[in-house]
Amino acid sequence: MLIRSRTSSFARQVGTIAVTLLGLLILTFVIGRMMPADPVRAIVGEEATQDTYMQVYNQLGLDKPLPVQFVMYLGDVLTGDFGTSIRTGQPVINDILTVMPATLELATLAILIGSVLGITMGVIAAVKKDRWPDHLIRVISLMGHSMPIFWTGMIALLIFYAALGWVGGGGRMDDYFIGLVPSVTNFILIDAALAGEWEVFWSALNHMILPASLLGYSSSAYITRMTRSFMLDQINQEYITTARVKGLSVRQTIWRHAFLNIRVQLVTIVALAYGALLEGAVLIETVFSWPGFGQYLTSNLMIGDMNAVMTCVLLVGVIFIALNLLSDVLYRVFDPRTR
Amino acid sequence: MKIQAQLRLTAAALAVAATPAFADTPDDQLIVGFSMTNILTLDPAAITGKETVQVLANVYDGLVQLDPVKRSEVQPDLAESWDVAADGMSITFHLREAEFASGNPVRAEDVVWSFKRLLTLNLAQASFLKTYGFTADGMDTAFTAPDDRTVVVTLPQKVNPQLIISTLGIVGPGSILDREEVMKHEQNGDKGAAWLSQNSAGSAPYVLQQWQSNNLVLLARNDNFWGEAPEMRRIIWRHIPESQSQRLQLERHDLDIAFQLAAADLGAMQNEDGIAIQTTPSAGFYYLAMSMKDERFQNTKVREAMRYLIDYKGLNDAILPFYGKEHQRPISGGFFGLLDDPGYTFDPEKAKALLAEGGFPDGMDITLRALSDDPFLNLATALQGSLAKGGIRAQVVTGSGDQIYGAMRERNFEMIVGRGGGGQLPDPDSNMRALIYNPDNSDEARLTNFQGWRTSFMDDQLNSLIDAGASEVDTEARRQIYADIQNRIDEVVPPLLPFSEVVTSAAFRDDLEGFVVNPSWSTDLSTVKKSR
Numbered sequence: 001m002l003i004r005s006r007t008s009s010f011a012r013q014v015g016t017i018a019v020t021l022l023g024l025l026i027l028t029f030v031i032g033r034m035m036p037a038d039p040v041r042a043i044v045g046e047e048a049t050q051d052t053y054m055q056v057y058n059q060l061g062l063d064k065p066l067p068v069q070f071v072m073y074l075g076d077v078l079t080g081d082f083g084t085s086i087r088t089g090q091p092v093i094n095d096i097l098t099v100m101p102a103t104l105e106l107a108t109l110a111i112l113i114g115s116v117l118g119i120t121m122g123v124i125a126a127v128k129k130d131r132w133p134d135h136l137i138r139v140i141s142l143m144g145h146s147m148p149i150f151w152t153g154m155i156a157l158l159i160f161y162a163a164l165g166w167v168g169g170g171g172r173m174d175d176y177f178i179g180l181v182p183s184v185t186n187f188i189l190i191d192a193a194l195a196g197e198w199e200v201f202w203s204a205l206n207h208m209i210l211p212a213s214l215l216g217y218s219s220s221a222y223i224t225r226m227t228r229s230f231m232l233d234q235i236n237q238e239y240i241t242t243a244r245v246k247g248l249s250v251r252q253t254i255w256r257h258a259f260l261n262i263r264v265q266l267v268t269i270v271a272l273a274y275g276a277l278l279e280g281a282v283l284i285e286t287v288f289s290w291p292g293f294g295q296y297l298t299s300n301l302m303i304g305d306m307n308a309v310m311t312c313v314l315l316v317g318v319i320f321i322a323l324n325l326l327s328d329v330l331y332r333v334f335d336p337r338t339r
Numbered sequence: 340m341k342i343q344a345q346l347r348l349t350a351a352a353l354a355v356a357a358t359p360a361f362a363d364t365p366d367d368q369l370i371v372g373f374s375m376t377n378i379l380t381l382d383p384a385a386i387t388g389k390e391t392v393q394v395l396a397n398v399y400d401g402l403v404q405l406d407p408v409k410r411s412e413v414q415p416d417l418a419e420s421w422d423v424a425a426d427g428m429s430i431t432f433h434l435r436e437a438e439f440a441s442g443n444p445v446r447a448e449d450v451v452w453s454f455k456r457l458l459t460l461n462l463a464q465a466s467f468l469k470t471y472g473f474t475a476d477g478m479d480t481a482f483t484a485p486d487d488r489t490v491v492v493t494l495p496q497k498v499n500p501q502l503i504i505s506t507l508g509i510v511g512p513g514s515i516l517d518r519e520e521v522m523k524h525e526q527n528g529d530k531g532a533a534w535l536s537q538n539s540a541g542s543a544p545y546v547l548q549q550w551q552s553n554n555l556v557l558l559a560r561n562d563n564f565w566g567e568a569p570e571m572r573r574i575i576w577r578h579i580p581e582s583q584s585q586r587l588q589l590e591r592h593d594l595d596i597a598f599q600l601a602a603a604d605l606g607a608m609q610n611e612d613g614i615a616i617q618t619t620p621s622a623g624f625y626y627l628a629m630s631m632k633d634e635r636f637q638n639t640k641v642r643e644a645m646r647y648l649i650d651y652k653g654l655n656d657a658i659l660p661f662y663g664k665e666h667q668r669p670i671s672g673g674f675f676g677l678l679d680d681p682g683y684t685f686d687p688e689k690a691k692a693l694l695a696e697g698g699f700p701d702g703m704d705i706t707l708r709a710l711s712d713d714p715f716l717n718l719a720t721a722l723q724g725s726l727a728k729g730g731i732r733a734q735v736v737t738g739s740g741d742q743i744y745g746a747m748r749e750r751n752f753e754m755i756v757g758r759g760g761g762g763q764l765p766d767p768d769s770n771m772r773a774l775i776y777n778p779d780n781s782d783e784a785r786l787t788n789f790q791g792w793r794t795s796f797m798d799d800q801l802n803s804l805i806d807a808g809a810s811e812v813d814t815e816a817r818r819q820i821y822a823d824i825q826n827r828i829d830e831v832v833p834p835l836l837p838f839s840e841v842v843t844s845a846a847f848r849d850d851l852e853g854f855v856v857n858p859s860w861s862t863d864l865s866t867v868k869k870s871r
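Going down the list, the sequences are from chains U and S. Taking the numbering used here, the leading residue of the first sequence gets 1, the next gets one more, and so forth. Taking the numbering used here, the leading residue of the second sequence gets 340, the next gets one more, and so forth.
What the hints contain is simulated information worked out from the structure, not anything from laboratory work.
Derived pair list, reagent style DSBU-like, types lysine-lysine, alpha-carbon separation capped at 35 Å:
1. S:K469 - U:K64
2. S:K469 - S:K632
3. S:K455 - U:K64
Okay, chain U solo, but in the shape it has when bound (with noise of 0.2 Å):
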């Protein structure tokens, strides 16, 4: 009987996320149709001839009705084939081999200094709340949020790399090293590691520590805020209170015992603010010419390349999903209420 209930569990949800992805690729067929942008054009440029645009129209399979051009496409998929990007010639999982380990480097890192700022920023502010402590993290944390992370990254790039030559400008390394390290995972890191060029592995990282702090720091904004009224609640608590009696020290109060009570939620808030970095800092990208996710789904985007940006967008949603299935996980794992 138990067997028989979680087997139709696993079945209702796996049924919702074959029907949310669907709801997704249609959704995103359809804006795609919908946006004033011409692969055939950005396939053969501006000069060419009329029956140049209509061979390649006929070509990419333009000239069947949308329908039909969807269900070719979903059936392409069933199989596997998530096509040829337009933009790079290139099977698509191919072209997403390469640009997603950038990004995953990337957020990584951000995501590692973003929770560790963010959860410090908020873990005091909700001790020190209404004191100076507090005020000043709400400027700092309200700052990540709200400058543009566009001009954040030039003004950085001013200071650190220009002004005084702390880290490496745009790029995954110094342009002289490119081409030195196989490609064997495509992170950049491990392959340097694993070629032990370790001239190579410091320039990366010297390329990567200053967009990944700007985008740790603008994650952080979020992150701080959580914390703090996650913490703010258990710290109004009368168990908080019976610790202090007890004669535990402050110190153990909230990292013994508030702390471990919203680490739960904090995984949850980690994880979406880590979904959101992978799907894609496309500004960030920009300014440090980094060739990531973003980059690779915003260009294609613009030139109306669908095999690409329908697989990207497919990605996204198995990410969001997976991480929202993780953090369901941990839940159980680390509250016993829900077991």
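Go by the hints and put chain S onto chain U.
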């Protein structure tokens, strides 16, 4: 005292840390910043736009190459020499001894195959040859190889042979491919297109080592190059779409050349030590165009009035430094037959009088389309102001390329401020076909590659003169034809009014030698050296 000493030491340490150390780019590698957004393939038959030409000019040779300084001239490349038949209907090219990067010899058969491939695939670059009557059906007659070192091009229609020779100097239609190498990688009858989008099969000083879309293009020295070996071992083309990022990297010595700088950054760097800026005429014009689908613009007086509502000097001085230079004729600077500018000036009173004569004493309301990018939005805003002085109340509509030029291609617009007009082929015929020529003004014809058709302008006399100009062989007679064309344009006022000629502005470290921007985009970087 001790504290003071410590403070001094700390200050000194901070000063050292805060002073950036400029490490130059390597002596034997050239690092170039540009935008790769428009690069969708590196197959010479399928490329579009300036950036791909800039890259492939260093990878593929043509039979001839376009001179970077004397715009109307061509120089030998894979062809050492060429002869034009007495009747002007064929050109015989004599090839030099050369090898492709693969080590295969360059044979006449490769040349012929490259041109046939271009016409068979019928992609972007084919239009250069199709313009002069070359077709896939007639290609076996048009291109022949009597022996390994000789290529004969037979003209399908009467055209000045010099036009064809120049066309074959353009990167793309004129690029010669290693047939054997390409066909090794053919998939599903694509004549190697998929492989060539990521690889190269040329004979020029560099080979394509790697292309990562919107990231980088890596060119490595071709050890089999037939000419003088370039000093630069590699050319690394970096995708840096943001102008200010490019500027910072150039200033920090991390870039050698920056191709994609905005006017504001170029202006700011003009007097900086260690940086030089080269501004060279390029292909096309900035123009104000009207649609003659709109009845109001069918009136010559109205079109003429617009001529006097453009502040030529103001636009060029205030908005277009580093983008364009003042130019009013629809023929590029330095091209054969170009007359002096007619000297139109901003004259709202004259415009008002013309509008009144044309039946619009109270002016009119129009929409003015413009790309939302630099410099178009600024141009549109300035034009809105100058048009208003003549009573033309313009509402500016901005959008993406597909929205703005798309509307023009659909002939569904009133006025547009745009850029274009041929000129990659260094001959006035290129400008005339792009801007004026229109052999069929019906909607069904969909001659979207002609701006004449897009603006619904058709003048039989101009069409005949343009055809005559393309086929005339006698230099003086041809010069007279282009003079007649320009005078006729003054008189009939086509609805596309150029006010500036596009220029290419590149900033570079001043330790570079031999860097000359080619007006036809095909800048040869194999001549670049670093003097350090």
